[in-house]
Amino acid sequence: MNINIELSKKQEEVVFAENEPIYVKASAGSGKTRVLTERVRYMLSQTNKKVLALTFTNKAGEEIKERLSNVKDIEKRSFIGTFHGFCQNLIENHGTLIGYTQLPNIFEDDSDRLELIEQAIQEVPTFASSYMRKNQKEKREFRYRVLNFIAQVKRDLISEDDSFDEDEDVILLYKAYQQILQSHNAIDFDDLLLLAYNLLISFPKISQMYRRSFFSICIDEAQDLNHAQYQIIIALTSNDFKNIMMVGDPNQSIYHFNGSSPDYMNKDFVNDFSPKIVELIENYRSSISVLEAAKKIIPEAEYIRGTIKEGLFKIYGAANEKKESEWVIDTIKDLIKDRHHEDIENEITYEKIAILARNKYVFSDLEIELKNNELPYYFKMTPGAVKFESTLMTIFDLALRVMLNEHDKLHKTALFKKLKISNQNKSVNNLLELKKLLTVENEKHIIDTVLSLKEDGSNFKHLFDKLKEALQIIDENERQMTLNDIEALLKHWFNYAKKTDRKSLLQFKNAMALGQTHPLSQHSGITLSTVHTMKGQEFDIVFIIGMDDETFPDYRAIQKGGIDLTQEKNNCYVAFTRSKRLLFVTWPETRIMPWGDMRHRSISRFLTVFLNK
Numbered sequence: 015m016n017i018n019i020e021l022s023k024k025q026e027e028v029v030f031a032e033n034e035p036i037y038v039k040a041s042a043g044s045g046k047t048r049v050l051t052e053r054v055r056y057m058l059s060q061t062n063k064k065v066l067a068l069t070f071t072n073k074a075g076e077e078i079k080e081r082l083s084n085v086k087d088i089e090k091r092s093f094i095g096t097f098h099g100f101c102q103n104l105i106e107n108h109g110t111l112i113g114y115t116q117l118p119n120i121f122e123d124d125s126d127r128l129e130l131i132e133q134a135i136q137e138v139p140t141f142a143s144s145y146m147r148k149n150q151k152e153k154r155e156f157r158y159r160v161l162n163f164i165a166q167v168k169r170d171l172i173s174e175d176d177s178f179d180e181d182e183d184v185i186l187l188y189k190a191y192q193q194i195l196q197s198h199n200a201i202d203f204d205d206l207l208l209l210a211y212n213l214l215i216s217f218p219k220i221s222q223m224y225r226r227s228f229f230s231i232c233i234d235e236a237q238d239l240n241h242a243q244y245q246i247i248i249a250l251t252s253n254d255f256k257n258i259m260m261v262g263d264p265n266q267s268i269y270h271f272n273g274s275s276p277d278y279m280n281k282d283f284v285n286d287f288s289p290k291i292v293e294l295i296e297n298y299r300s301s302i303s304v305l306e307a308a309k310k311i312i313p314e315a316e317y318i319r320g321t322i323k324e325g326l327f328k329i330y331g332a333a334n335e336k337k338e339s340e341w342v343i344d345t346i347k348d349l350i351k352d353r354h355h356e357d358i359e360n361e362i363t364y365e366k367i368a369i370l371a372r373n374k375y376v377f378s379d380l381e382i383e384l385k386n387n388e389l390p391y392y393f394k395m396t397p398g399a400v401k402f403e404s405t406l407m408t409i410f411d412l413a414l415r416v417m418l419n420e421h422d423k424l425h426k427t428a429l430f431k432k433l434k435i436s437n438q439n440k441s442v443n444n445l446l447e448l449k450k451l452l453t454v455e456n457e458k459h460i461i462d463t464v465l466s467l468k469e470d471g472s473n474f475k476h477l478f479d480k481l482k483e484a485l486q487i488i489d490e491n492e493r494q495m496t497l498n499d500i501e502a503l504l505k506h507w508f509n510y511a512k513k514t515d516r517k518s519l520l521q522f523k524n525a526m527a528l529g530q531t532h533p534l535s536q537h538s539g540i541t542l543s544t545v546h547t548m549k550g551q552e553f554d555i556v557f558i559i560g561m562d563d564e565t566f567p568d569y570r571a572i573q574k575g576g577i578d579l580t581q582e583k584n585n586c587y588v589a590f591t592r593s594k595r596l597l598f599v600t601w602p603e604t605r606i607m608p609w610g611d612m613r614h615r616s617i618s619r620f621l622t623v624f625l626n627k
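Residues 15 to 627 in our numbering are what the sequence shown lists, from first letter to last.
Fair warning: there could be bad hints in the mix.
Computed cross-link-like contacts, BS3-like style, restricted to lysine-lysine with a CA-CA straight-line distance of at most 27 Å [stated by the list, open to error]:
no.	residue 1	residue 2
1	LYS73	LYS39
2	LYS468	LYS482
3	LYS385	LYS432
4	LYS401	LYS73
5	LYS39	LYS24
6	LYS309	LYS374
7	LYS290	LYS24
8	LYS458	LYS434
9	LYS475	LYS63
Derived Cβ-Cβ restraints for the label pairs, each shown as a range [stated by the list, open to error]:
no.	residue 1	residue 2	range
10	HIS546	LYS219	45 to 53 Å
11	LYS401	MET612	29 to 37 Å
12	LYS219	LYS512	49 to 57 Å
13	ASP489	ILE295	53 to 61 Å
14	LYS63	SER125	38 to 46 Å
15	PRO313	PRO218	42 to 50 Å
16	LYS512	LYS482	40 to 48 Å
17	ILE350	LYS512	30 to 38 Å
18	LYS401	GLN196	46 to 54 Å
19	ILE606	ASP87	53 to 61 Å
20	SER197	PHE393	31 to 39 Å
21	PHE393	GLU27	52 to 60 Å
Simulated from the structure, these hints should not be mistaken for lab results.
Think of the CB as a built atom: it goes at the ideal place given N, C-alpha and C, for glycine as much as any other residue.
Model the full assembly from the supplied sequences, consistent with the hints where possible.
Given below as structure tokens:
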């Protein structure tokens, strides 16, 4: 097999391994994606069967597809995508066995799910009265507690017949929530995993069919597996399938809040499959200075050899957040002015710079300074559900949901509210009847557009071109937001349409909910991002701001300790290793709290190892 990319001896050991279980313990910058991609390429050269490659982000999946784009019929010969995308595909193809003629609508927004919890509370009379006596903060905290409990139950694959480690009211609310979801002909994200698992377990022939169909299974970033995802792998492979590879770095596990743990890769996979273990410790990305700094955060991390760039690591303590931001801006301006650095290939540009923080609110002062200095920047957002800014396109989104799902009472109520129509009007059963009650022309145009859409979306672009001409919006800001929303929606449709031959509006809506339609084009300027959103991305120059204790690590993790604090340390390690060459870490000695008080801050406990003693 001719691999058109240079591989180290260790990487070749993985790529060309026999058809056996393999655990690739890969350190930061050691070429995890390269190894997985070339393993998939090699596997496809050995068989006429398919290869299954599972990732945790749509962007990672697209990157792997792009690298394999020169493989003939790659789309037909593989499934490369997220766990949720694979489960969606599984339910769409075999959901009739568990009562679904088509994939139900996905309620992706937490706001929708919290609204269902509010409804569930009203359906549990033994609790509703005590809930009403709570203040607003207590109510909000309780709703999130229930939301987290529901997610945990589904991720842990706990049956409703099993015992729950919660009080009776919360258990009753869980069951009421599920019943309300079903009445809306809807599911949530965690249901995708749960339903797919139930399909594979309840109908072993489905698992057998997939085992016959796939020659190899490759799992990227396996340190982020949760219980449901690992059990889906077990159900898929049973005792018959051994050609499986997991690639991951235990030190980059940062999704504990989603139930993930490196133990599924480190312990369960090792115990269940007895894989060949290959450690990749060479580094092809980061500089010596960055790697030595990262190793001080997690000393037990493997020492990474093979680096040739010296790089730079620097910590700066500022008097306050404003001074911290000014120092970052001045440093960036100096780098851009110098244009070149001996450790950075080609000219230094704004696109080679990223500024990271633990939470988005930390960027407040920095954004002001970026604007004052007219430096280009953009926020890197986690791809997810599509959010419309304009009122009219929000109405479109709600109306489309209602048209696609006549049982969706939640969004029907929201649509009535947005259109200022009383939900008590029982005569309104569909959008056509709703349109008759409208008096605002723009709103009529929106509903007309929804009603005119063909099921396969073949007239999608044509209708929105007409809509742009028909809309008359006086307010300039609202007009611009509406046109921006329409253009964004058309891009989502284009990204969806080019990936499938069997188009449908329902599939399109669910693909948007799963983040599968987001444009992957690069934005210009300095990248601002939270650490979680930057997973899997690297920049030549990285600034990490707000490294004061109780900000990073987060104060809640400090209070809880244990695994939560360990996860924060992993977050810090991941943040450090996003830098390829130059790394600057800053912290403010005072911080203005959300309620207005100024508080003295200590340097992050993760950085004390760098202080002179």
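Check: When you take the CB atoms of LYS219 and LYS512, is the distance between them in 49 to 57 Å?
Finding: About 33 Å separates the Cβ atoms of LYS219 and LYS512, which means 49 to 57 Å is violated.
Next item on the list: Take a look at whether the Cβ-Cβ distance between ILE350 and LYS512 falls inside 30 to 38 Å.
Entry: 37 Å, holds
Check: Are the Cα positions of LYS309 and LYS374 separated by 27 Å at most?
Finding: Judged against 27 Å, a Cα distance of about 26 Å means the pair holds.
Margin query: Between the beta carbons of SER197 and PHE393, is the distance compatible with 31 to 39 Å?
Written below: The hint (31 to 39 Å, Cβ to Cβ) holds, given that SER197 and PHE393 are roughly 37 Å apart.
Margin query: Quick check: does the Cβ-Cβ distance between LYS401 and GLN196 fall within 46 to 54 Å?
Written below: 26 Å, violated
Notebook entry, point to check: Has the hinted range 53 to 61 Å been met by the Cβ atoms of ASP489 and ILE295?
Noted result: 58 Å, holds
Check: Measuring from beta carbon to beta carbon, are LYS63 and SER125 in 38 to 46 Å?
Finding: Distance hint for LYS63, SER125 holds at roughly 43 Å.
Check: Does LYS458 pair with LYS434 here, judged by a C-alpha cut-off of 27 Å?
Finding: 13 Å, holds
Check: Between PHE393 and GLU27, does the beta-carbon spacing fit 52 to 60 Å?
Finding: 40 Å, violated
Check: Does the structure keep LYS290 and LYS24 at a Cα separation of 27 Å or less?
Finding: 13 Å, holds
Check: When you check the alpha-carbon spacing of LYS401 and LYS73, does it fall within 27 Å?
Finding: Distance ~19 Å between LYS401 and LYS73 Cα, so the pair holds.
Next item on the list: Given the range 29 to 37 Å, decide if the beta-carbon distance of LYS401 to MET612 lies inside it.
Entry: About 34 Å separates the Cβ atoms of LYS401 and MET612, which means 29 to 37 Å holds.
When the structure is compared with the earlier hints, violations turn up for hints 3, 9, 10, 12, 16, 18, 21 and for no others.
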